[in-house]
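Student: Single-letter residue listing:
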Amino acid sequence: MYRRTLTALQRFTLRLDVAINRVYPSDLNPLYYTGGLTNLFLFILVLSGIFIFLYYVPSLADAHPSVTYLTDRVPYGGLIRGIHRYAADAFIVAALLHLFRNWFTDRYLFSRDSPWISGMFMLLLGGLIGATGYILVWDERALATLSTFTELLRAIPAIGGAMASLLVGGGGLSEGTLPRVLLLHVGPASALYLLLWWHYIRIRHPKVWPPATWVLVSLGVVTLLAALVPAVSGTPAAPGATPGAIPLDVFFLLPFWLAGVVPPVLVVLLVAGLFTAGFVIPYVMREAPREMGVRHAGIAQIIDGNCTGCELCYYDCPYDAIVMVPTPHPGLTRAAANRKLLAAVIDSRCVECGICIGACPFEALELPGLLESDVRQRVAEAVRA
Amino acid sequence: MMPSQPAPGAERAPRVVGFVCDWAVATTGLTDAAGRLAAHPSVVVIRVPCSGFIRPSWLEDTLKAGADGVFVVGCPYGDCLNREGNYLMQERIEQLQRRLQRRKVEPERLVMLAHGLHDREAFLADVAAMLEALGRLSALAGTKAAPARAAAASPAGPAQEG
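Line by line, the protein sequences give chains A and B.
Following the working numbering, the residues of the first sequence are numbered contiguously, the last one being 385.
Following the working numbering, the residues of the second sequence are numbered contiguously, the last one being 1162.
By construction, these hints were calculated from the structure, which means they are not laboratory data.
C-beta: ideal position from N, C-alpha, C; glycine also.
Hints should not be assumed to be uniformly reliable.
Computed, partial: chain B to chain A, Cβ under 10 Å [claimed, not checked]:
(1) 1022
(2) 1027
(3) 1030
(4) 1062
(5) 1078
(6) 1079
(7) 1082
(8) 1112
(9) 1116
When you get a sec, could you build the whole thing from the sequences and use the hints?
Tutor: Here's what the structure looks like:
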């Protein structure tokens, strides 16, 4: 059932690609750059966030007026606030597209788990950053969000109460509350960059940025939206009043809205379940390559005597699975006799794609399951026939 | 066309060997057990784990061994399952085309294609276009038999099986 659904989703993803490739040249297909787009929106968020940070006052009395001052009085303040809001929406959309795309096309399995796991952490932090961002505005929705947030935290068994009072800064709202929320907004955003290092660490030449066209289009769309539909605050929060219903925000506040419909403990269970599933999915759903109907060519092997230490495989490996080490002994062939370096494959990183075999002009690499002699034999049969 | 004397190359369909990435276009149902395309019996498909797996020397040797053309199919550019295999292969094929052009091997004999898992029709159309281009080449070559083989084989000597 799960496998059939995923096959259908993969088919849908690839068909969508084909349709989009009819419109754009395939190297401009925006769906090929969901990761880069996410990073671009994160960068826009950091820049606009620094600007907003300069004007924001994290205190119960001054938070809302400072945001209003930023919006109405600071030159371009409203525009930059709008950019911050819409870039955040675009960030989460791009991140989810990135997640689903890589899930549906099986690009999180085997040696490719570290981008997936780090991505799960980043999604979790992204949700936290979004929710705290709505609280910082300190209007009615902010108050409702905060109280739902504490409710959700209290629904966590054992440690929930402590976490809630850590978030609010004591038993109830105090001057300590908003600085904490601000820290929880800015801190995780900085942590995203640490996680990005983990996200990229096993990827050679990651596509960090989308093509220039899409950078400009994204900037334009976000700016245009910010100008046409300005982001505004609601009425200032009145801490004594009972929090009203939260206006639905599909991008970040969906769990908070849900908490108003079903008991908070169910929402906590749902979120915890989703993320647990996300963290274990590369491992529990893992079938052997053979069962998946995938070639199991084996981890690339260096032919020691032929390696000249030229580093071509090292440059071409897309997963940094090849390292160059000082050679312990000279190679056997004439080209390899004076080598300084020797290539070595890190087994845990190898995805068995064979790109290093294509890169090597010295016949110093082989895939055990598909040797060069096998390929040559197939070619000879094909030409003879 | 001269009806009285058909061109020698026109009778035989160009013999083509294609390397197809496991993650690019699915050829199940398109080929027989030996990898021969049902739609174009002169084309034999060899599946490989990634288009980047192919050594350019194998392509060159395939031409030397008697193929009229050779193509490689990778995933659509930007969507290689292994991230960069198709770009790397595209570059390697361009370099090989330039290198073989100096030996009078036409670049049309080496083709890089990019088709996703379900793009069978587009793939077959590209193969048909390649066969047509090869047919034009052999018609141009006139009575000379298999110019690619002769030109590619002469400087390097007979192809050696590795």
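Student: Give a verdict on every hint.
Tutor: Status of the hints after comparison with the structure:
1. 1022: For residue 1022(B), the interface hint holds, since the closest Cβ of chain A sits about 5 Å away, which is under 10 Å.
2. 1027: 14 Å, violated
3. 1030: 15 Å, violated
4. 1062: 5 Å, holds
5. 1078: Nearest chain A Cβ about 4 Å off; hint holds.
6. 1079: 5 Å, holds
7. 1082: 4 Å, holds
8. 1112: Residue 1112(B) check fails; min Cβ-Cβ to chain A is 13 Å, beyond 10 Å.
9. 1116: 5 Å, holds
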